[in-house]
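Trainee: Here are the chains, one letter per residue:
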Amino acid sequence: MPNDPGELTLKQPTGCTEKTVTNETPSPPIAPSKRLNADLVFKAVTAAFAFSILLILALMTLEMVKESLPAIKAFGWKFAGSSDWDAVQGIFGALPYIWGSVVSSLLALALATPLSVGTALFVTEIAPKRFGGAVAALVELLAAIPSVIYGLWGILVMAPWLQQTVQPFLSDHLGFLPFFQGAPYGVSMLAAVFILMIMVVPIITSITKEVLLAVPQSQREAAIALGATRWEMIRMAVLPYGRSGILGAVILGLGRAIGETMAVTMVIGNTPQISLSLLSPAYTMPSVIANEFAETTSKLHASALMEIGLLLLVVTLVINVMARLLLWGMTRQAAGGAK
Amino acid sequence: MNIVTRRNLKNSIITISMVCATVAVLVPLGLIFFHIMKMGASSINLDFFIHIPKPTGETGGGMANGMVGSALLIALASTIGIPVGVFGALYLVEFGGSRISNTVRFAADVLSGVPSIITGMVAYTLLVVPMKGFSALAGAVALSLIMVPIVLRTTEEQLKMVPGSLREASLALGVPLWRTSLKVTLRSATKGVMTGILLAIARIAGETAPLLFTALGNQFWSKKLTEPIAAMPLQIFNFAIAPYEDWHKLAWAGALVLVTIMFGLSLTARYLGRSRQQS
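Chains as they are written, first to last, in the numbering used here: chain A, 1 to 339; chain B, 1 to 279.
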């Protein structure tokens with residue numbers, strides 16, 4: 001190594017710029033005004049690209065609103081409250097889809113949250129560093145699997161298993177409850193809840209892990225110094241500090257669950273009905289778009305699907321803004337920033 | 001003494017339940033991997049890579065057109081998405097700090113949380129309807145909408161890590177800002193930027209929902225970008241929900257190939273990210 005290690009970071013830059021300079025020197029010096037222009041152009045070009053994000057978001061919302069206007073005009077508030085969906089007669093009500101989306105996402109989240117937080121705590125607080133890192137990496141691999149593959153696994157492996165084992169068991173032993181009644185179809189609300197749970201766990205876990213890592217070590221040391229057990233340390237020092245961040249992670253998971261399309265479409269059974277039973281098939285907002293949008297029979301049909309899309313967009317926008325604000329607050333706090 | 005025992009007991013119980021939670025998270029992961037490996041490996045063969053799907057009732061066939069279609073869609077989406085993301089990030093790094101750049105950052109974060117099926121709907125109204133037909137182009141645009149926020153945010157993070165002294169040295173020597181930005185800042189962050197791009201590609205390679213009503217899928221080879229085009233995720237979806245054993249096999253083989261490609265991309269990205277941190 002020719003360079004002094006301490007100067008490594010300084011040596012490289014000079015080498016780099018020298019090259020640029022030697023390229024520059026033969027050419028006559030450029031007038032300052034021209035130089036300014038080039039930088040202004042650079043600023044304008046990059047700004048155009050950066051602001052295109054805002055444009056995309058605005059355009060998306062506007063376009064969705066425009067396209068769903070016919071349905072909004074035709075049905076008004078009844079759209080969200082009615083459960084009639086008849087493409088032939090031109091009557092559209094989105095209640096079964098809203099119901100399916102809300103129930104499947106909330107239940108999946110209720111199952112996923114304790115698992116995710118538990119895993120994140122295990123990785124950061126209990127496991128040896130190397131082992132914890134390996135577990136975290138494995139869980140993050142889960143997030144990289146495309147949803148259509150979750151769906152494939154769900155429909156060919158999980159649904160038959162549910163149909164033959166889990167659902168008969170549930171209806172035999174808990175059949176007196178309205179939640180576990182009916183014939184075991186396999187493809188059902190329960191299957192959707194399970195697949196969504198598997199899919200949101202990696203997201204919540206990895207964000208919660210980041211949040212927990214941002215908790216200052218001194219907090220933990222203080223609790224341990226007071227004689228707390230590990231759980232008491234976690235409860236007194238770690239969780240309160242990370243509360244808003246963990247909440248942000250959970251809300252982000254909710255956003256993902258509500259918008260998830262392919263895997264749910266493949267396992268939920270796609271039947272527009274409102275049933276208390278988890279064993280019966282259901283339908284969600286993204287699923288009905290996925291199934292019907294390419295084959296709409298009328299303008300009103302397309303518009304009704306657009307309105308469902310708009311609803312989905314607005315809900316996920318609100319959820320994301322909320323989650324980001326919570327997470328930003330958490331990281332700013334951790335960085336020792338102003339507020 | 002009693003209270004200490006109780007506290008220790010509680011500690012143990014909760015520790016054990018955390019271990020259980022971790023196991024419960026890892027078991028489905030293991031099962032999914034196991035099935036993809038087992039079913040995929042037993043149904044993959046040479047035909048899979050060189051043939052297009054056979055009509056219903058005939059055995060054999062492959063996903064050659066889907067693989068080529070997916071590659072084409074990714075390439076097209078990248079040519080649109082990468083410049084927007086990278087140049088947008090350069091703006092945030094060079095001229096950032098104002099309120100508007102915070103808004104851009106926030107919008108990118110929010111956009112990356114928008115369900116992918118929505119980007120498909122938008123591409124449908126903006127491209128499919130005016131062009132009067134499903135097309136590869138519309139599919140690529142829908143995918144690029146997913147790509148832009150990912151590339152922008154990861155690139156920004158990487159550009160921020162370039163030491164300020166480097167840029168200052170260049171600027172002090174009289175190199176204009178745009179040149180410094182492109183040749184010094186961007187260049188020294190190349191590895192990191194590549195990481196972000198690879199992750200974005202891995203993400204869109206498996207996207208299905210936005211392609212359902214933009215690229216639509218095609219049983220045969222597509223000849224033009226204005227025609228419907230086959231894509232692997234779409235084929236996996238269609239074959240998985242069909243009632244034929246043969247098509248299920250193709251779907252598993254497709255899943256194995258797709259997962260292998262995505263893990264390859266993720267690992268390469270991880271490797272690049274790590275070697276960058278060390279240098």
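Just so you know, the hints here were simulated from the structure itself, not pulled from any lab data. Errors might be hidden in some of the hints.
[To be verified] Covered stretches of chain B (in silico footprint by chain A; criterion: 3 or more residues with CB under 8 angstroms from a CB of chain A, positions within the stretch not fixed):
{"#": "1", "region": "54–68"}
{"#": "2", "region": "171–185"}
{"#": "3", "region": "189–197"}
{"#": "4", "region": "230–240"}
Backbone N, C-alpha and C define an ideal beta-carbon position, used for all residues, glycine too.
Trainee: Give a verdict on every hint.
Mentor: Comparing the hints with the structure gives:
1. Counting residues of the region 54–68 of chain B whose beta-carbon sits less than 8 angstroms from any beta-carbon of chain A gives 0, not enough to reach three: the coverage restraint is violated.
2. Coverage of a stretch by a chain is defined here by at least three residues with a beta carbon nearer than 8 angstroms to that chain's beta carbons; for the region 171–185 of chain B and chain A the count is 10, and the condition holds.
3. Under the rule that three or more residues need a Cβ within less than 8 angstroms of chain A, the assignment of the region 189–197 of chain B is violated, with 0 such residues.
4. Counting residues of the region 230–240 of chain B whose beta-carbon sits less than 8 angstroms from any beta-carbon of chain A gives 4, enough to reach three: the coverage restraint holds.
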